[in-house]
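Line by line, the protein sequences are chains A and B. Under the numbering used here, read the first sequence as residues 1 to 109, first letter to last. Under the numbering used here, read the second sequence as residues 1 to 115, first letter to last.
FYI, nobody ran anything at the bench for these hints, they're computed from the structure. Since we're looking at a predicted model, the values are computed, not measured. There could be a bad hint or two in this list.
Selected chain B positions facing chain A (Cβ under 7 Å, derived; list incomplete) [what the hints assert, rightly or not]: (1) Pro-39; (2) Pro-61; (3) Thr-86; (4) Met-88; (5) Phe-106; (6) Glu-108; (7) Thr-113; (8) Val-114.
Think of the CB as a built atom: it goes at the ideal place given N, C-alpha and C, for glycine as much as any other residue.
The primary structure of each chain is shown beneath.
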Amino acid sequence: KNEVEQSPQNLTAQEGEFITINCSYSVGISALHWLQQHPGGGIVSLFMLSSGKKKHGRLIATINIQEKHSSLHITASHPRDSAVYICAAYSNTGNQFYFGTGTSLTVIP
Amino acid sequence: DVKVTQSSRYLVKRTGEKVFLECVQDMDHENMFWYRQDPGLGLRLIYFSYDVKMKEKGDIPEGYSVSREKKERFSLILESASTNQTSMYLCASSLGGKRTGNTIYFGEGSWLTVV
Numbered sequence: 001k002n003e004v005e006q007s008p009q010n011l012t013a014q015e016g017e018f019i020t021i022n023c024s025y026s027v028g029i030s031a032l033h034w035l036q037q038h039p040g041g042g043i044v045s046l047f048m049l050s051s052g053k054k055k056h057g058r059l060i061a062t063i064n065i066q067e068k069h070s071s072l073h074i075t076a077s078h079p080r081d082s083a084v085y086i087c088a089a090y091s092n093t094g095n096q097f098y099f100g101t102g103t104s105l106t107v108i109p
Numbered sequence: 001d002v003k004v005t006q007s008s009r010y011l012v013k014r015t016g017e018k019v020f021l022e023c024v025q026d027m028d029h030e031n032m033f034w035y036r037q038d039p040g041l042g043l044r045l046i047y048f049s050y051d052v053k054m055k056e057k058g059d060i061p062e063g064y065s066v067s068r069e070k071k072e073r074f075s076l077i078l079e080s081a082s083t084n085q086t087s088m089y090l091c092a093s094s095l096g097g098k099r100t101g102n103t104i105y106f107g108e109g110s111w112l113t114v115v
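Please model the complete structure; the sequences and the hints are all you need to start from.
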């Protein structure tokens with residue numbers, strides 16, 4: 001049983017398209033994270049959410065606590081957005097992260 | 001800039017060798033984690049530590065051990081490497097406890113091949 005489910009697993013988009021990646025979780029959380037991993041391994045944190053919506057440049061993250069669902073949106077996608085996007089739930093019992101298996105995004109010029 | 005540093009980026013080891021993967025963070029974080037990442041399986045927790053000398057098993061601890069003698073350093077040990085431990089290993093750290101909004105910081109990853 002996966003505590004965090006992401007969809008889609010793979011996504012190919014044309015440059016300029018609007019992209020949505022979805023994340024559902026089943027555990028109680030204190031925060032939901034969206035992470036980005038480029039080829040080569042390094043993972044960086046994009047957003048940390050406990051409610052509502054956050055925006056950073058062309059990236060928008062939303063969370064619905066009642067429905068236990070979060071989305072990551074990319075507006076006007078660009079080839080440099082090509083990466084794996086990972087949803088991670090930080091447990092409200094403390095000290096544990098639960099990860100989705102990631103969404104591999106390829107943006108074609 | 002906050003930093004999690006993993007000692008080795010690429011390693012090739014022989015079956016049966018003892019392997020040490022070192023991780024150091026400079027943010028005075030309580031929590032440190034070791035994950036392995038395999039295609040299609042995502043990040044799986046091997047061990048984590050919430051304080052010096054404290055450790056908790058994660059989802060896949062078999063074949064691994066850890067050591068945390070100092071707050072900034074968390075070591076992963078493969079006592080006798082096997083080919084099914086070929087993987088990418090990621091170290092991470094975060095503030096501890098039940099604080100809301102504990103950002104997690106990752107190292108660059110260590111690619112281990114066991115032959």
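Non-conforming hints, listed in increasing numerical order:
Structure breaks hints 1, 2, 3, 7 and 8.
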